[in-house]
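> Below are the chains, spelled out letter by letter.
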Amino acid sequence: ETGVTQTPRHLVMGMTNKKSLKCEQHLGHNAMYWYKQSAKKPLELMFVYSLEERVENNSVPSRFSPECPNSSHLFLHLHTLQPEDSALYLCASSQGTSGDFANTGELFFGEGSRLTVL
Amino acid sequence: AQSVTQLDSHVSVSEGTPVLLRCNYSSSYSPSLFWYVQHPNKGLQLLLKYTSAATLVKGINGFEAEFKKSETSFHLTKPSAHMSDAAEYFCVVSGIGNDMRFGAGTRLTVKP
Numbered sequence: 001e002t003g004v005t006q007t008p009r010h011l012v013m014g015m016t017n018k019k020s021l022k023c024e025q026h027l028g029h030n031a032m033y034w035y036k037q038s039a040k041k042p043l044e045l046m047f048v049y050s051l052e053e054r055v056e057n058n059s060v061p062s063r064f065s066p067e068c069p070n071s072s073h074l075f076l077h078l079h080t081l082q083p084e085d086s087a088l089y090l091c092a093s094s095q096g097t098s099g100d101f102a103n104t105g106e107l108f109f110g111e112g113s114r115l116t117v118l
Numbered sequence: 001a002q003s004v005t006q007l008d009s010h011v012s013v014s015e016g017t018p019v020l021l022r023c024n025y026s027s028s029y030s031p032s033l034f035w036y037v038q039h040p041n042k043g044l045q046l047l048l049k050y051t052s053a054a055t056l057v058k059g060i061n062g063f064e065a066e067f068k069k070s071e072t073s074f075h076l077t078k079p080s081a082h083m084s085d086a087a088e089y090f091c092v093v094s095g096i097g098n099d100m101r102f103g104a105g106t107r108l109t110v111k112p
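Which chain is which? The protein sequence lines are A and B, in order.
FYI, this note's numbering numbers position 77 of the first sequence as 77, with every residue one higher than the one before it.
FYI, this note's numbering numbers position 44 of the second sequence as 44, with every residue one higher than the one before it.
Just so you know, these hints were derived from the structure itself, not from any lab.
DSSO-like mimics (lysine-lysine), calculated; alpha carbons at most 27 angstroms apart, straight line:
1. B:Lys-42 to A:Lys-41
2. A:Lys-19 to B:Lys-42
3. A:Lys-41 to B:Lys-111
4. B:Lys-42 to A:Lys-18
5. B:Lys-42 to A:Lys-40
6. B:Lys-111 to A:Lys-40
7. B:Lys-42 to A:Lys-36
Pulled from the structure, derived: some chain A residues nowhere near chain B, Cβ distances all over 10 angstroms:
8. Thr-7
9. Lys-22
10. His-26
11. Arg-63
12. Glu-67
13. Phe-75
Examples of chain A residues lying across from chain B (beta carbon under 10 angstroms, computed):
14. Arg-9
15. Tyr-35
16. Pro-42
17. Glu-44
18. Leu-90
19. Leu-107
20. Phe-109
21. Glu-111
22. Gly-112
All of these numbers come straight from a predicted model, not from anything done at the bench.
Yeah, the Cβ is synthetic: ideal placement off N, Cα and C, and Gly gets one too.
Turn these sequences into a full structure, and let the hints guide you.
Given below as structure tokens:
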């Protein structure tokens, strides 16, 4: 078990569908993250939650909607996506909150959800 | 502002030969630097990190990296490649708060 579990591992959806990605961490961490990994591009930070409060949103389109109901669970709600949104979506967690993140630094990643938008 | 450049998108070595994956960084602050590895269909895993202690950092699986401030580099090395080292490697620079910048990645191929 990796400590960070993502479901589903694979998702195919049409542009008019609504779906959600789920992330659960079993590490007792305080911060959780969504990253987008596209082919031949650096990893893109989408959202950061620290102690269940959103602390960063890197200008992500509103068709992506995060939800963090508690420190162990993170969701990414998807609606009216575009084909260019097809990517691997990675969830991560870290021990530190945003204030000391740079000192701890280690992110623990899930295995990702491979999203294909038709 | 900070950034990281991985100088090679693809590196190919033979099993048992040394590995060198190159990374240069730019940072306005004293940075923390990391190397992560991603095996196919897996998430990223931390290999090693530098946080202003010893400049030569040892990580898991026999990897190490040396922080060279004068060259703004943090290259990853391993004396002898193993088939299981084939993966994508990411250099990461971290400054204040959540400003963590990932490189574009270097794909390592290990030939038998």
